[in-house]
Amino acid sequence: MDAKDILGLPKNSLPIPQEKKSRPPKDSQRKPDGISREVYALTGGLAPLMPAIDSSQLKKQPPKDEKITWQWLPFTNSARKDTLQLYHWVRVVNGVPPTGDYSFAKYNKSVDIVKYTDEEYEKYLNDPGWTKEETDQLFDLCQQFDLRFIVIADRFSSSRTVEELKDRYYSVCRAIVVARAPALGDISGNPLVKEPYNVSQEIERKRALSMVLSQTKHQERKDAEVLAEAKKITESRMAAKVAEESELPVPSNAGPESAERASFPGDTVSPSSNVQLPSATVASSALTADNASTLASLRMLRVYLRTYALDQMVQAASSSAGLRTIKRVEQTLQELGVNLKPRVPTKSVCAEHLELRKEILTLLNLQKQLQYKEAEGSSFRDGSYADTPSTPKDRTFVPDMSFGGERVGKRDQKRKAPGRLSEAPSSPAQSKRPRKLKASEL
Amino acid sequence: MSHLTISARKQGEYQSDDGASAPKQPRLKFGKSAEDTDKKGASRRLKDVEICVPIVYGTIAFYLGRKASESQSHKWTVYVRGATNEDLGVVIKRVVFQLHPSFNNPTRVVESPPFELSECGWGEFEIAISLFFHSDVCDKQVDLYHHLKLYPEDESGPQSTKKPVVMESYNEIVFPDPSENFLARVLNHPAVIVPRLPAGFNLPDPVPIENLHEREKGDTKDHPHSQWFMNFSEADELLKLAAARQQVQAHIIKLRRQLSMMDGLPQLSKPPTGYEFT
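Just so you know, the sequences run in chain order Y and B.
Quick note on numbering: the numbering used here labels position 285 of the first sequence as 285, and the sequence is numbered without any gaps.
Quick note on numbering: the numbering used here labels position 39 of the second sequence as 39, and the sequence is numbered without any gaps.
Just so you know, these hints were derived from the structure itself, not from any lab.
For every residue, glycine included, the Cβ atom is placed at its ideal position computed from N, Cα and C.
One thing to keep in mind: the hints can contain errors.
[What the hints assert, rightly or not] Straight-line distance between alpha carbons at most 16 angstroms, and here's what the computed EDC-like set of lysine to aspartate or glutamate pairs gives:
1. Lys347(Y) with Asp48(B)
2. Lys368(Y) with Asp263(B)
3. Lys341(Y) with Glu234(B)
4. Lys341(Y) with Asp236(B)
[Stated by the list, open to error] Which bits of chain B does chain Y cover? Going by a derived footprint, with three or more residues having C-beta under 8 angstroms, they are:
5. 66–73
6. 139–152
7. 171–180
8. 227–239
So that you can see chain B by itself, here it is in the shape it has in the complex:
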């Protein structure tokens, strides 16, 4: 059965890649089940296992100061990184940044992590970031949009060349029914959140993606800009949400009580207010 799975998967990969992969010896082309009609890869998909990849994407912009010119006042970098600065290369195959048409070759493709792009310019615009995943992960791309911010909020005084303007957004990519292979591959990877699987859950041995071993490290832990990276902790937000919920729930209880009291005494109305109070 595993033979069937692997060979079917390889076949699928062969089809979807642009022939960039080395030709594989086709094993057991025949005798496959009806699974190969699903061109998404015949390794089984796992319902209700949700794989979650927390990412942070955004821009960081440095004022060039003395070296600034009219058309190139800032040097900025747009990037997609793991929320904990782990290597996203296990999941993301490449990222396409679509820049303003005034740039040369506005469609920039980054084939390996760290997925980032640096440029010089003067204007703020919206950058479209498209994430493409490995073939065993997902065929569909994910599009993000980010507004490039060059100028700080408080416009007091001259811009500093030392302190950049950072805008980051946190999000999570969710794969609701991942393929077995994907799950097996990322099961213990720090960039990926996998729910706890039941004991005795058997996954096939992961088939590695090609070119993975060729890349150097793709995490952003020692990135030159890492000191500016924003911190996204859910704790604060959870606390605030919990407090808010408590308040709302308390109000609800109070209102319910009031309503039930009113129901019990339908004729009871407020005491004549003009008489009792000064």
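So here's chain Y without its partners, still in its complex pose:
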């Protein structure tokens, strides 16, 4: 808006002849009181949504009857254990300094640690795994460090795990609370009593947390896939159950196949629900949600051949790819020295083969992306550069150059581009042409 001012452009879309009349009245309308016009114009001539300052406050003057002085005075801090006196500036009103404690003293919080006597220790707190010295030291540290068990575990003389320390501390507190309480009913609401510290559960919980934290992206993806598949399966079962129920009153209409299929999930769910093995999810953990339906349909068969299963899975995985891409995948497989159809199609070999195909698909997609990006980038420079002598004009490559063999050093030597593109050659003029990117161009 200010720029428009500078440029002399109209602030609003009013046509020019009207503008001169409308501007001065508008200006005086919009300018609020309390701020000079220039300052207000800095905000773009618009008021903020929520007025940050009440404009009336700006003109307010302090009450005339108060005499304010600022004095350098000593003060004490009730949060301190000693009687150190420091000095600071104090706002004195009419000669009367402010009263009250140091304003920050209230922030000195600490935890109330239970203090047990020696008799109480003898009576209630004896534990074979802990000596009295250790327990005393533990409680000292707890007091000192405000129950920060990580720090306490670090400072503890003998090496105890955090869970052990917590366990000891909480059981001692619990025992004391129980011992000191006149009746059990009084303390049944106390969280120490209600939910005692469970060491094994804590260890397990932390281990599970760390596992979740340290999951690689790969595992996260797998888990998401498993969940998606499980969801799909339950949904299909629900649908099948609904279909089954809705088909019962009209048995003649429903085709025998669909009824049978609908009853399969029903049959398999109820009788075998109590023999489902934990390996159930292991088998499916390797599949994407796309393949989940393939797997489900395979399970519907009473018997199938491993090669058939692999074919189905490969088809499902390549369902989004065009014929050309599939050909390129197969070409890549050949270059890698892998049989298009595994010679020994065991379960693990088929799984690996499938994964390899999927990875090759990913690779080809990335190559395509890179190609597009390059084309984008080089479209700024229109063929002003000659071809490098190292990039042949026609894109015929010896197929086995990239995988397995040593790359003939031409490209690596000549390319000094920072790190990238050492393997994706192109000159600007050519990158615009949609090239058939062979798998060897890696």
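Put chain B on the given structure of chain Y with help from the hints.
For chain B alone, kept in the frame of chain Y given last:
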């Protein structure tokens, strides 16, 4: 409950067999649950227990040499064997080999292991192999196809009568939800791969298939042709696949890095190539 299971199963078997089984005393025909409406046998099916039977099928052909005639130059055998040469009879009831129509009775049925068939001939053709399983295993058959190979790859010199031409294929028959009885029967059989079951998993006592005890051994460990059997080890293939995957993954990482670098510097393009390099 086990009574119910067994009798229901027996009933089912009685129906599906061609009456070849000895008549059984029907126990507890009545009072069955709705399970008997499933005519596949009322023993429970186990989801997610995958029974896998690795097999090898193929042909072996010997040149007859001096004894060869125009129409019978080779003696060949087509067979289905366990991948580790164990007895497939626990799973497979019979195998039907469908030969070229020029053969007499081209549909040959082999009722007991070892499941093989020998013939003499001169021509190569496709043999259809159909596997039929025991009733508690599966009602559906599995079809395999194999091209009979008589002539070796390298046609150099005369054919040898000593060295046969062998073509074998490896495959695995997968039963994704086997019946309890089947599982119980094959649980520790060497021809069958069964996943590890959880502790305390209870299976009913297996009901044996009839005629099983009558057969002689059906494995192919001492088969006369066993010296020619090919070896199928997944180790090599796994190694190769693992190496290939590593390569591909490395390339993927590199490309991703390149892409992210490009994203970070959108205007950065390749240096003018014509100037810097000779």
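How the hints compare with the structure:
A hinted pair counts as satisfied when its Cα atoms are at most 16 angstroms apart, and lysine 347(Y) with aspartate 48(B) qualifies at roughly 14 angstroms. Of the supplied pair hints, the one linking lysine 368(Y) and aspartate 263(B) holds, its CA atoms being roughly 15 angstroms apart against a limit of 16 angstroms. Simply put, lysine 341(Y) and glutamate 234(B) have alpha-carbon atoms about 13 angstroms apart, close enough for the 16 angstroms limit, and the pair holds. Among the hinted pairs, lysine 341(Y) with aspartate 236(B) is consistent with the structure: their alpha-carbon atoms are about 14 angstroms apart, no more than 16 angstroms.
By the rule of at least three residues with a Cβ nearer than 8 angstroms to a Cβ of chain Y, the coverage given for the segment 66–73 of chain B is violated, with 0 such residues. For the segment 139–152 of chain B, the stated coverage by chain Y holds: 4 residues have a C-beta nearer than 8 angstroms to a C-beta of that chain, and at least 3 were required. With 7 residues having a beta carbon nearer than 8 angstroms to a beta carbon of chain Y, the segment 171–180 of chain B meets the requirement of three or more and the stated coverage holds. With a threshold of 8 angstroms between beta carbons, the proposed coverage of the segment 227–239 of chain B by chain Y holds, since 6 of its residues qualify and at least three are required.
Hint violations for this structure: number 5 only, all remaining hints satisfied.
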